[in-house]
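Residue numbers (my numbering), protein chains in the order written: chain A, 19 to 176; chain B, 4 to 359.
Source of the hints: derived by calculation from the structure; they are not laboratory data.
Quick caveat, the model's predicted, so the values are computed rather than measured.
You may find that some hints are simply not true.
Lysine-lysine pairs mimicking BS3-like chemistry, simulated, CA-CA at most 27 Å apart [said to hold, decoys possible]:
(1) B:K61 with A:K117
(2) B:K265 with A:K117
(3) B:K38 with A:K166
(4) B:K297 with A:K56
(5) B:K55 with A:K166
(6) B:K255 with B:K185
(7) A:K56 with B:K273
(8) A:K117 with A:K56
(9) B:K61 with B:K273
(10) B:K273 with B:K297
(11) B:K185 with B:K253
(12) A:K117 with B:K38
(13) B:K265 with B:K61
(14) B:K61 with B:K185
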Amino acid sequence: MNWDDLSRRYGDRVLLVARSILRDETLAMDVAQDALLKIGRALNGDVRNHEAWVLTVAGNAARDALRRQSRRREVAMDKDVVDARTPDAPMLARESREKVTAALEALPAGARDVLLLKFRENLSGPQIAEALGITIAAAWQQMSRALKLLKSQLSEMP
Amino acid sequence: MTCPPIDTLQRFALGFLEDEAPVRAHVAACAACAKRMTALDADHAALAAAAKDVVLPKLRRPASRPALWKPLAAAAGLLLAFGVYQLTATRGAAPAALPAPAMAVRPSAPRQPRPTAEESYEAARSELRLRYAMDSERSAPPVEAPVTPAPPPAKMPEAKPEPPAATTFRAPGFNPGVDTAKETQSTFALDVDTASYAVARSYLQRGMRPPPESVRVEEYVNYFRYGDPAPPADAGFLVRLEAAPSPFAKGKHLLRIGVRAKDVDDAARKDAVLTFVIDVSGSMQQENRLGLVKRSLHHLVDRLRPTDRVALVVYGSTAREVLTACASGTGGRRSASTRPARTASCSAPTAWPTTG
Numbered sequence: 019m020n021w022d023d024l025s026r027r028y029g030d031r032v033l034l035v036a037r038s039i040l041r042d043e044t045l046a047m048d049v050a051q052d053a054l055l056k057i058g059r060a061l062n063g064d065v066r067n068h069e070a071w072v073l074t075v076a077g078n079a080a081r082d083a084l085r086r087q088s089r090r091r092e093v094a095m096d097k098d099v100v101d102a103r104t105p106d107a108p109m110l111a112r113e114s115r116e117k118v119t120a121a122l123e124a125l126p127a128g129a130r131d132v133l134l135l136k137f138r139e140n141l142s143g144p145q146i147a148e149a150l151g152i153t154i155a156a157a158w159q160q161m162s163r164a165l166k167l168l169k170s171q172l173s174e175m176p
Numbered sequence: 004m005t006c007p008p009i010d011t012l013q014r015f016a017l018g019f020l021e022d023e024a025p026v027r028a029h030v031a032a033c034a035a036c037a038k039r040m041t042a043l044d045a046d047h048a049a050l051a052a053a054a055k056d057v058v059l060p061k062l063r064r065p066a067s068r069p070a071l072w073k074p075l076a077a078a079a080g081l082l083l084a085f086g087v088y089q090l091t092a093t094r095g096a097a098p099a100a101l102p103a104p105a106m107a108v109r110p111s112a113p114r115q116p117r118p119t120a121e122e123s124y125e126a127a128r129s130e131l132r133l134r135y136a137m138d139s140e141r142s143a144p145p146v147e148a149p150v151t152p153a154p155p156p157a158k159m160p161e162a163k164p165e166p167p168a169a170t171t172f173r174a175p176g177f178n179p180g181v182d183t184a185k186e187t188q189s190t191f192a193l194d195v196d197t198a199s200y201a202v203a204r205s206y207l208q209r210g211m212r213p214p215p216e217s218v219r220v221e222e223y224v225n226y227f228r229y230g231d232p233a234p235p236a237d238a239g240f241l242v243r244l245e246a247a248p249s250p251f252a253k254g255k256h257l258l259r260i261g262v263r264a265k266d267v268d269d270a271a272r273k274d275a276v277l278t279f280v281i282d283v284s285g286s287m288q289q290e291n292r293l294g295l296v297k298r299s300l301h302h303l304v305d306r307l308r309p310t311d312r313v314a315l316v317v318y319g320s321t322a323r324e325v326l327t328a329c330a331s332g333t334g335g336r337r338s339a340s341t342r343p344a345r346t347a348s349c350s351a352p353t354a355w356p357t358t359g
C-alpha cells in the first residue's frame, strides 16, 4: 500500500466525511487516518475508482466512532440561522474569492464540511447522503442550513 | 404557472432533488426561474472556487508497529496488538494533541515464522479466559482448565453496598488478535486517561469488585509511573520496551511499550489557553461531581501563571459561556478565588456554574 497515493487520492474526502459526521477535528483526524489505513489494506495497492466504497468505509468508521463517543457527548452552542434566501441576483459571486474562503473557514465544522463535500469534492447529493448515512432530504437540510450560515457569516464580515 | 420555491430550485441546481423532471421542465419554460438558476449557478461556481482554497490538514502516515523478535513473537505480538487495539478501537474520542511517534524497532535476529491471525486470536482468547478465570470466583477452575467460551463476567458480591456513582459502563468486547507480520501498521492515540483505575479503586474501597466492563486495561497501565528515561535533548520522544514472562499463561510474554515525551518545566512552557466545558445538568448535582469539579478548578487556577488564559462554558440542556477567555491574573483568578455573582466577561466577576 502506498500511503502517499492513497492519501492524495482519498485523504481529503475521507477526512471531510469523518468531520461532517463527527464535528470534531481531532477525533476526525484519528478516524480518517484509521479508515484510510483500512481502505489501503483492503485495496491492497489497487487505488483505482473505488469512490463510492471509500466514502462508505469512511462514513461507517466515523459513525462507529460517534457511537463509541458516549463518554464525550457534545452539545452545539446555540446559534441562530438567518434565513437569507437567495435573491434573484447572485450573492456569493459578488464577493471576493478570499472573503468566501474566509467565511467557509469560519463556519462550524459540520456546516463547512458538508459544503466542502459538495463544492470541493464535487460529490453528488445522493453520494453525500450515502456517505453521511442519511436520506437525501436530510442531507439537503444540512446543505441548505450550511448555505444559509455561510451567507449570514459573509454578511457579518467587514 | 406557479414558480417552485427558491429552495427547490437550489436543490435542483445542486442535485439534491429526487424528482427533477417537473422543475427542469418549468425552468425551461419560465424566464424568471431561468434567471434565478443562472444566479444560483454563479453563486455555486464562486463557492466551488473558494472551497478549493480552504486548507485541510494532511493525514499523517501511521506509525509502524514494531517488529518483534523471536522469544516474543508468539505471545507479545498478540498482546501488543491487543494493547494497541484497546487504544484505538475501544475508545472513541482520544484527543491526540501530540503526533504519533514513528516507532521503528528493528531487531537483528532473522525473521521467525509467526502465528497466523487465527492462532493469535485463539491465543488471545485463551489468555483472556485465563485471566478472567483467575479474577472471578475463587471456586473457578484452575488455570489449566478451559473456561467458558465467552468472557464470563465476574460476579458482583451479593450484599450490595451503595455502588459508586458512575455505573453506566459498557463492555467494549474483545478485539481480535492481529498478525503483526501481515498488518505492520496501526494507529493509536497518545492520551493518558486513568479514570478506569480510579473507578476500580473507588469500588474496592467500598468492598466491591469493579464491574468487568469498567476495566480499561490501558487506563490501568497508564495510571502508574514507570520511570521511563527522558529522551535526549535533541529528540522529542523516547520509546522504551520492557518484556517479561506473563504471569497469566505459561510460555507467553507481556510487552510494555513506553513512550515518553521530553520534559518541559513550568517556567519554559508556553502560556496555556484553557477552556473548560462543564456538565451542569441535574445528574452532576452531587458533591463528588460538580463540587469536585469546582474544587479541582480552584486548585488548577492557583497553579496557573498570570499570563495563562481560562474560559468556562457550561452545558445542561443548552450550552452557555460563563467566562470568556481571560488572563488568570485578572478575572479568572478573581472569580476562582472569590466566587462572585454571575456575568460573563473577563473584567467582571463571574458566576460559578450551578446545576439546572
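Status of each hint after checking the structure:
The suggested pairing of K61 (chain B) with K117 (chain A) holds, with an alpha-carbon distance near 23 Å, which does not exceed 27 Å. With a C-alpha separation of about 41 Å, the suggested pair K265 (chain B) and K117 (chain A) falls outside the 27 Å cut-off, and the hint is violated. For the given pair, K38 (chain B) sits about 20 Å from K166 (chain A) by alpha-carbon distance, which is consistent with the 27 Å threshold. Restraint check for K297 (chain B) and K56 (chain A): not satisfied, since their Cα atoms lie roughly 42 Å apart, outside the 27 Å limit.
A threshold of 27 Å between alpha carbons decides the hint, and for K55 (chain B) with K166 (chain A) the separation of about 20 Å falls inside it, so the pair holds. About 21 Å separates the Cα atoms of K255 (chain B) and K185 (chain B), which keeps this hinted pair within 27 Å; it holds. Proximity of K56 (chain A) to K273 (chain B) is assessed by CA-CA distance (about 37 Å); at most 27 Å being required, the pair is judged violated. For the proposed pair K117 (chain A) and K56 (chain A), the alpha carbon gap of about 37 Å is over 27 Å, so the pair is violated.
Restraint check for K61 (chain B) and K273 (chain B): the C-alpha separation of about 25 Å stays at or below 27 Å, so the hint holds. Restraint check for K273 (chain B) and K297 (chain B): the C-alpha separation of about 25 Å stays at or below 27 Å, so the hint holds. Taking the CA atoms of K185 (chain B) and K253 (chain B), the gap is near 25 Å; set against the 27 Å cutoff, the hint holds. Between K117 (chain A) and K38 (chain B) the alpha-carbon distance is near 25 Å, which keeps this suggested pair within the 27 Å criterion.
Taken as a hint, the K265 (chain B) and K61 (chain B) pair is honoured in the structure, with Cα atoms around 25 Å apart against an allowance of 27 Å. For the hint pairing K61 (chain B) with K185 (chain B), the CA-to-CA distance comes to about 26 Å; that is within 27 Å, so the pair holds.
In this structure, the earlier hints numbered 2, 4, 7 and 8 are contradicted, and the remaining ones agree with it.
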